[in-house]
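K.L.:
Chain residues, written in single-letter form:
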Amino acid sequence: MNEPRVRLQNAAMYYDALTVLGQPNFPMAQNEKIMNQPMVRFENVTKRYGALTVLDKLNLDISRNERVSIIGPSGSGKTTVLRMLMTLERINDGVIWVNGEPLTHMQRSGRMVPANNRHLRRVRGQIGMVFQHFNLFPHMTALQNCMEAPVSVLGLSKPEAEARAADLLDMVGLGEKKNHFPIQLSGGQKQRVAIARALAMRPKVMLFDEVTSALDPELVGEVLNVIRKLGAEFDLTMLMVTHQMGFAKEFSNRVCFFYGGKIAEQGSPDQLFGDPQNERTRQFLSAVLEAK
Amino acid sequence: MLSFGVAALAKGMLVTLIVTLGASLVTSVLALIVGLMRVSPIKPVRWLAIGYIEFFRGTSLLVQVYWWFFVLPIFGLALSPWTVAIFGIGLCASGYGAEVVRAAIQAVDRGQYEASIALNFSRLTMMRRIVMPQAIRALLPSWGNMLIELLKATSLTFFITIAEFTSAAKLAADTTGNYLLFFTVALFGYYIIARALITPFVRWLERRLSPGFVREAMA
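One line per chain: the protein sequences are A and B, in this order. According to the working numbering, the first sequence is numbered sequentially starting from 222. According to the working numbering, the second sequence is numbered sequentially starting from 82.
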C-alpha cells in the first residue's frame, strides 16, 4: 500500500486533470469550484424494481481520488450503486453527479431533465468499470480487447491504441499474453485484462464490482495486487463492492456498510471494522469473520 | 432415351444450384437486416420487422410464389420466372432467418452489452464490433439448416415454369419409365448438394469466425 509512487509521471500522462478543466463546458472561473466538488455525488437517489425499493434516497459523496469500499449482505443494494453510476440501471429518483456535472440529468433551459443518450455518453466517459464475470470480448485477443474502445470511441489511431494497450497489459503483468484469447487465460488473468481494458479509456473513476468473487482463491491475490498498483500509480477515484474485508480494510479510505437499501454505517476502515456502531454492521462482520 | 434423361437432369441440377445460390444470398442479406430491425430500440422499426416476419412465415411459399408470378402482372408488374424464383424463395426464407438472427443476437451474453456500455461504445459500434461477430458465429448451425431447407424448397419453382432438378427427374422418369433410377438419382442429387456444398461451406465459415471460442477445438 505504501509503495513509492514510482510511475507517477506515467500516471500523470494518463490522467491529466487539466484536460478536463480545459473543456469548453468548464469555464476557467469554475475550475476551483470543480476541484473542490466531489468526484461523484449521489443525491437522494432512489432505485426501485417494481414494488421493491432497492435503494432508498441514497446520499453519498466521493471525493477526488478517494477509495471507497462498499460492503453489506446480498440484496442490500451495493452492486446497484455501481450499476447506476455506470448507467447500466436507470434511477427512479434523485440525481447522480460526476465531476460537478449531472450524469443522469441535463440542464435544459434552466430545468433538469433526464439525460439523453448523447449526454450519458459524454459524461460516463469519465467512468470505467470492472465486472465480477470479466465480460471480456471472447472473439478478441487481450490486446484487441484493450484497443477496441480507444480506437472506436476515443478515435485513437491503431498504433497509438496498440501502444497504450500494450503498456497497460505490461502494467498488469500480462505483456506476454497479449495475443491470447480470453479462453486461453485463467480467471485472474482475464480480470487483469479487464482492468487494463477499462484503464485504456483513461477514466477518472473506476468501479470494481466484486471483481474477485468469481475467482479461485489462489488467483485473488494477483488481481488485488493490480488494484493496489493502480492506487499507487494512478490518480483514480475508486469505488469497489467487495467481500474481501481484509482488502477493504487495507486499501480504502472509507468503508460504507449497506443494509436494506441504505447506508447503515460508514467510516474509516479502522472505525468500521474496529469499532462498528451499528448492530447490523456488527452482525454482518461477525458473520463474515465466522465464515472464514 | 437414357442420355436424354441424363442431360435433362444435369440441366435441372444447374438450375437448382443457381436458384439456391441466388435465393441464399437474398435471404442472408434480408434476414440480417430484418433480424436487426427486430431488435431495434425504435418501436415502429420493430413492428415493421414483426409484420414482415409473420407475413412471410405465416403464408404458404407456393402461394407467395404464385402471387408474385400471376398476381403482380395484374398490377402491371410482370417478373421473369427466375426473378420470382430467387426473390420469392429468398423473401420467404428470410422470414425464418430473421428470427434466427434475433435469437442469436439476444443470446449474446448480457455482460457483453454491459461491458460495451461501460466502455462507452455507441450502439452501432457495439452491434458491429461486439454483438454481431458473436451472434453470427452462433447462428451459423441454424443457418446451415435453413439453407438446406431452402435448397429443397426450390423444387416448387417448377410451378412457375422453371425446369429445376426435381421436375427434370420426373420428366426423365416419365419419359424413360425408369422411376427407380431417376428418383434415386434425384434423392442423392439433393443430398450431394447439401452435403458437399452447403454443409462444408457453413462449417468453413464457422471455423473462420471461431477464434477465441472453445468449439474451435471441437469443430
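By construction, these hints were calculated from the structure, which means they are not laboratory data. No experiment lies behind these values; they were computed from the predicted model shown. A virtual CB, placed ideally from N, CA and C, is assigned to each residue, including glycine. Do not take every clue at face value.
The calculated label-pair distances, taken between Cβ atoms and stated as ranges, are [to be verified]:
1) B:L106 x A:A435: 48 to 54 Å
2) A:R311 x B:I99: 38 to 44 Å
3) B:A188 x A:R332: 30 to 36 Å
4) B:K124 x A:E381: 17 to 23 Å
5) A:E381 x B:S203: 17 to 23 Å
6) A:S407 x B:F240: 56 to 62 Å
7) A:S407 x B:P222: 28 to 34 Å
8) B:I131 x A:L506: 26 to 32 Å
K.L.:
The structure should be examined with respect to each hint, and the outcome stated for every one.
P.N.:
For each hint, the structure was consulted:
For B:L106 paired with A:A435, a C-beta distance near 43 Å fails the hint of 48 to 54 Å. Between A:R311 and B:I99 the Cβ separation comes to about 52 Å, which falls outside the hinted range of 38 to 44 Å. Take B:A188 and A:R332: their Cβ atoms lie about 41 Å apart, and the range 30 to 36 Å is violated. Evaluation of the 17 to 23 Å hint for B:K124 and A:E381 yields a failure: the beta carbon distance comes to about 40 Å.
Taking the beta carbon of each, A:E381 and B:S203 are about 20 Å apart, inside 17 to 23 Å as hinted. The hinted window of 56 to 62 Å between A:S407 and B:F240 holds, with their beta carbons roughly 60 Å apart. A:S407 and B:P222 have their C-beta atoms about 29 Å apart, which keeps the hinted 28 to 34 Å range intact. Between B:I131 and A:L506 the beta carbons are some 53 Å apart, a value that contradicts the proposed interval 26 to 32 Å.
Checked against the numbered hints given earlier, this structure breaks hints 1, 2, 3, 4, 8; the rest are met.
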